[in-house]
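**Student:** With these hints in hand, go ahead and build the complete structure from the sequences.
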Amino acid sequence: FNFFLSLDVLPRVTCPNHPDSILVEDYRAGDMICSECGLVVGDRVIDVGSEWRTFSNDKATKDPSRVGDTQNPLLSDGDLSTMIGKGTGAASFDEFGNSKYQNRRTMSSSDRAMMNAFKEITNMADRINLPRNIVDRTNNLFKQVYEQKSLKGRSNDAIASACLYIACRQEGVPRTFKEICAVSRISKKEIGRCFKLILKALETSVDLITTGDFMSRFCSNLGLPKQVQMAATHIARKAVELDLVPGRSPISVAAAAIYMASQASAEKRTQKEIGDIAGVADVTIRQSYRLIYPRAPDLFPADFKFDTPVDKLPQL
Amino acid sequence: SSFKDDLSTSPQQFTPMSPYDLDLPVEATEDVLFTSQFNHPKELPTDFSSVDLSFLPDITQDSKEQNLSEDGHEMQKELVGSISRNEDSGIFMDESSLSYPDATQPSPEASGTCPSLTPITPMTPASSASESSGIVPQLQNIVSTVNLACKLDLKNIALHARNAEYNPKRFAAVIMRIREPRTTALIFSSGKMVCTGAKSEEQSRLAARKYARVVQKLGFPAKFLDFKIQNMVGSCDVRFPIRLEGLVLTHQQFSSYEPELFPGLIYRMVKPRIVLLIFVSGKVVLTGAKERSEIYEAFENIYPILKGFKKTS
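Protein sequence lines correspond, in order, to chains A and B. Take 1 as the starting number for the first sequence in full-length UniProt numbering and just add one per residue. Take 1 as the starting number for the second sequence in full-length UniProt numbering and just add one per residue.
One or more hints might be untrue.
In silico lysine-lysine, DSS-like type, Cα no more than 25 Å apart, as pairs [stated by the list, open to error]:
id	chain 1	residue 1	chain 2	residue 2
1	A	Lys196	B	Lys271
2	A	Lys196	B	Lys283
3	B	Lys192	B	Lys169
4	B	Lys169	A	Lys238
5	A	Lys149	A	Lys200
6	A	Lys238	A	Lys272
7	B	Lys223	B	Lys192
8	A	Lys189	A	Lys152
9	B	Lys271	A	Lys200
10	A	Lys238	B	Lys311
11	B	Lys199	B	Lys290
These aren't lab readings, by the way, just hints derived from the structure by calculation.
**Tutor:** Below, the structure is given as structure tokens:
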């Protein structure tokens with residue numbers, strides 16, 4: 001109970017003339033200033049910002065920071081630990097030239113595996129340039145799964161990869177299993193298995209993937225202009241609406257739509273190139289393309305400028 | 001004769017080998033009987049009213065054992081058994097329609113529409129009498145295990161038996177195959193055996209006995225203990241395309257549909273604990289059953305749900 005009351009009971013500095021006005025903090029001078037009259041109320045306020053700025057290229061000079069990294073209390077309970085730095089001067093070395101107090105003491109042995117996993121997740125996300133919010137969501141998912149212990153036997157890397165996949169899905173920007181495989185050492189089969197187990201363990205579900213989720217990524221990787229991307233999105237959506245491709249994976253349909261759109265425009269791409277980017281075999285693209293080809297005139301958007309007319313589209 | 005002696009000591013009902021030959025044609029007629037009954041769903045209620053139904057509650061549970069054990073009047077019992085099994089699935093489905101947790105069963109629309117069945121079925125049938133699907137899942141695979149109760153020398157067996165392969169570096173069991181019924185058995189050195197590939201319970205038992213006989217002929221004192229069917233796989237076709245995306249939206253807690261991983265929807269039914277693989281084409285695979293009735297019950301449960309997600313085109 002004390003914690004909740006203390007916020008009101010602690011003596012709060014207020015301006016004597018304006019007790020209700022908000023105090024503005026001025027970090028440079030360390031003052032708290034009343035916003036109404038400008039009276040300096042608090043003096044010599046302690047700055048809690050970092051002491052030194054560290055740059056990544058500054059490896060040669062020692063890191064002068066006297067505190068550890070930013071705390072991560074949400075995830076790895078507390079982060080408080082003491083580390084012993086490398087010795088300077090002669091007194092820190094014993095007879096044989098080895099340093100006394102060797103080995104910076106290990107930190108937070110419980111959850112070491114979790115911190116390791118977080119590092120792995122950050123590495124994986126960096127490789128495909130995922131934003132910080134997805135990484136945070138992944139870390140949260142991993143923590144939930146780890147605490148539940150229902151998937152304890154599985155490799156932590158597999159769980160981490162599956163959490164990354166789920167986080168991307170939940171944020172509305174799904175990555176294909178193959179894309180996650182590309183940045184992880186775990187096989188697609190294992191990631192798929194862990195994915196299903198995690199959904200069951202956390203009792204959540206994810207939305208079904210659609211063709212439109214991947215259009216912007218695939219098209220920009222292929223260097224296709226916005227018009228072609230919009231046309232491909234339209235083609236794929238129409239194809240699914242008209243049920244021309246029942247039972248086909250949305251990735252394959254998206255790849256076939258991109259192929260059709262690019263072949264009708266000035267920026268033509270081969271099936272092999274599209275297959276490489278999308279992670280589908282070119283025979284798969286061929287199969288899906290054959291299914292959408294007969295209705296090609298209906299699938300293109302109305303305002304599309306054809307570089308190659310519809311009847312001259314390649315027929316495979 | 002020594003074979004018979006060995007088997008007579010087993011707790012299982014002992015049946016001599018010859019009636020099994022009778023079993024198979026009986027099996028066939030039973031299947032025919034099934035399909036002929038189900039081909040005319042509308043006639044079902046009237047069929048029941050003509051048959052003496054007073055013995056039904058007694059037979060429903062015991063019919064299976066009776067069918068498998070009796071060798072005398074098997075033909076007759078098969079008939080009764082098939083009717084009772086049909087009624088079996090009806091009754092089970094009624095129970096399940098009430099106790100099924102999140103079922104979107106169309107109970108309001110189907111209540112009280114069974115004129116001749118009301119004296120027998122105590123619960124309101126959700127969909128049994130309105131339209132039983134008229135489709136019977138066909139069994140495709142039965143996996144069973146049996147204990148031969150003696151240590152076996154696998155190398156010996158592999159050398160002397162026909163159609164046996166043994167590669168200890170790859171797998172620690174002898175893989176033996178017989179042509180009739182077309183099955184494969186994994187025989188382990190502990191004496192335990194797994195028999196797969198049979199299309200019916202009787203065929204699985206027959207095949208397991210044949211393997212046991214082979215092992216016995218090679219000089220091991222093989223017995224036939226604890227024959228148990230571990231898994232049954234059935235498949236059928238609902239004859240219309242299905243909207244899997246709709247199904248996964250409404251039955252989220254039971255379904256898993258990941259087109260990247262597998263093209264079919266994996267539906268884990270709770271009431272008979274059965275896993276169904278549902279495909280866009282309308283084909284359904286049911287697996288995980290220990291009894292034939294579980295497969296039928298599961299299909300009767302899923303059929304109205306699938307009808308609700310028929311693709312209109």
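**Student:** Take the hints in turn and mark each one as holding or not.
**Tutor:** Do the hints match the structure? See the list:
no., hint, in the structure
1, Lys196/A - Lys271/B, "21 Å, holds"
2, Lys196/A - Lys283/B, "23 Å, holds"
3, Lys192/B - Lys169/B, "19 Å, holds"
4, Lys169/B - Lys238/A, "54 Å, violated"
5, Lys149/A - Lys200/A, "13 Å, holds"
6, Lys238/A - Lys272/A, "24 Å, holds"
7, Lys223/B - Lys192/B, "10 Å, holds"
8, Lys189/A - Lys152/A, "18 Å, holds"
9, Lys271/B - Lys200/A, "18 Å, holds"
10, Lys238/A - Lys311/B, "16 Å, holds"
11, Lys199/B - Lys290/B, "14 Å, holds"
The structure shown violates just one earlier hint, number 4.
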